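**Q** Letter by letter, the chains look like this.
2 protein chains.
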Amino acid sequence: MIEVELKGYANDKIFEKVRERFKFMRKETHEDIYYQHPCRDFSKTDEALRIRIKRFNGHFEAFLTYKGPKLDNMSKTRKEIEVPISDVDAYSDLLTSLGFKEVLTIVKVREKYYVEKGVTITLDEVEGLGKFIEIEKLIKDNENIEEEVKKLRKILEVLGVKKFERKSYLELLLEKLKKNGSEI
Amino acid sequence: MIEVELKGYANDKIFEKVRERFKFMRKETHEDIYYQHPCRDFSKTDEALRIRIKRFNGHFEAFLTYKGPKLDNMSKTRKEIEVPISDVDAYSDLLTSLGFKEVLTIVKVREKYYVEKGVTITLDEVEGLGKFIEIEKLIKDNENIEEEVKKLRKILEVLGVKKFERKSYLELLLEKLKKNGSEI
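As given, the protein sequences belong to chains A and B, one line each in that order.
For the first sequence, full-length UniProt numbering gives the first residue as 1, with consecutive numbering after it.
For the second sequence, full-length UniProt numbering gives the first residue as 1, with consecutive numbering after it.
Looking at chain A on its own, in the form it has when it is part of the complex (with noise of 0.2 angstroms):
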């Protein structure tokens, strides 16, 4: 399976308008913290790590997460591989003897919306970022994925959503950071 998946930045009005004709399915706090690779630079190869902190209802869940390098130059579809993780500290600590190094964590309210079968709108609101509508399908890997990008981006386009954002809020929260000088 392919996660095709496109995000677009989005303001309160966005944020009504799909809370008002999709149907809510959850919302959750995600604290995401992102690896560097003991020798690769996930920034120039285009691939992450992280383990993903999830919590919702009282729920508390965790995640290990690879992302392989974007497929085609319009969504974010690529490889990606998620396995459930039962005791976060063990993974970190893992993690860091074999060499990957904490680089930043992301911390966002997420609120998921179910459009149609297999297609979900997502509403995040990023610390230091600010609001973003992301919509996903999962595709077999022989369908076309350009075909359900198109399709995809029409829906956001009706939703009022103007600019479209291919990189990752870990990238534009390192450039942000870049630019006000801080350190990291």
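I should point out that these hints are in silico values taken from the structure, not numbers from a laboratory.
Computed from a prediction, not measured in an experiment: that's the story for all the values here.
Misleading hints may appear alongside valid ones.
Identical copies go unnamed one by one, so any copy, or any two together, can satisfy a pair.
Unchecked claim - Here are the simulated lysine-lysine pairs, DSBU-like style, with alpha carbons at most 30 angstroms apart:
#1 Lys70 <-> Lys101
#2 Lys101 <-> Lys44
#3 Lys140 <-> Lys101
#4 Lys179 <-> Lys154
#5 Lys13 <-> Lys101
#6 Lys108 <-> Lys70
#7 Lys79 <-> Lys101
#8 Lys108 <-> Lys13
#9 Lys154 <-> Lys176
#10 Lys179 <-> Lys108
#11 Lys162 <-> Lys150
#12 Lys79 <-> Lys178
Based on these hints, arrange chain B on the given structure of chain A.
**A** Here is chain B on its own, set in the frame of chain A:
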């Protein structure tokens, strides 16, 4: 916690003595898939990373284990981080995507015996290497490792062990394959 561990070469006679004297705990089959680090030579840094698939009494369990460099010159004492994994294929895919490479798979039948509180003896029949005995004790970080090693060594000597071995099964098997001129 630190795992103090001592390993020696065994034979049928030593196996029989252990079976008579100590309380049988369980019998397991291990399939250990060892990985190479993408940019660190584990054979030089004395580390290891493996996926262990454990089968016993019709059960199936899998773990991802990191072993750090040995901490002293006498025993196999080292830092160990072990996490249970639910999906071997996903983890194998994850490690491969991060640049880790499969080196070798080691298969063994292991019998475990209870010696006294915190101390266990293990009888290993390793495919391609033969019979080994291991004694293991988990101690706190501030306990005297050297003293503990001496005590454990004595127990193995009384059972008839003459030759000790600090090398891992992975190292021994790699050496054997090298001697035989086999391609790995």
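**Q** State for each hint whether it applies.
**A** Checked hints:
1. Lys70 <-> Lys101: Intra 22 angstroms, inter 23 angstroms, cutoff 30 angstroms: intra and inter.
2. Lys101 <-> Lys44: both (16 angstroms within a copy, 21 angstroms between copies)
3. Lys140 <-> Lys101: between (33 angstroms within a copy, 27 angstroms between copies)
4. Lys179 <-> Lys154: Cα proximity of Lys179 and Lys154: none, with 32 angstroms in one copy and 64 angstroms across.
5. Lys13 <-> Lys101: For Lys13 and Lys101, the Cα distance exceeds 30 angstroms both inside one copy (39 angstroms) and across copies (49 angstroms).
6. Lys108 <-> Lys70: Within one copy, since 23 angstroms is at most 30 angstroms while 41 angstroms is not.
7. Lys79 <-> Lys101: both (22 angstroms within a copy, 19 angstroms between copies)
8. Lys108 <-> Lys13: Classified as within; 19 angstroms inside a copy, 63 angstroms across copies.
9. Lys154 <-> Lys176: Within one copy only: 29 angstroms inside a chain, 62 angstroms across chains, cut-off 30 angstroms.
10. Lys179 <-> Lys108: within (21 angstroms within a copy, 56 angstroms between copies)
11. Lys162 <-> Lys150: Classified as within; 14 angstroms inside a copy, 72 angstroms across copies.
12. Lys79 <-> Lys178: within (28 angstroms within a copy, 37 angstroms between copies)
Of the hints listed earlier, those the structure fails to meet are numbers 4 and 5, in rising order.
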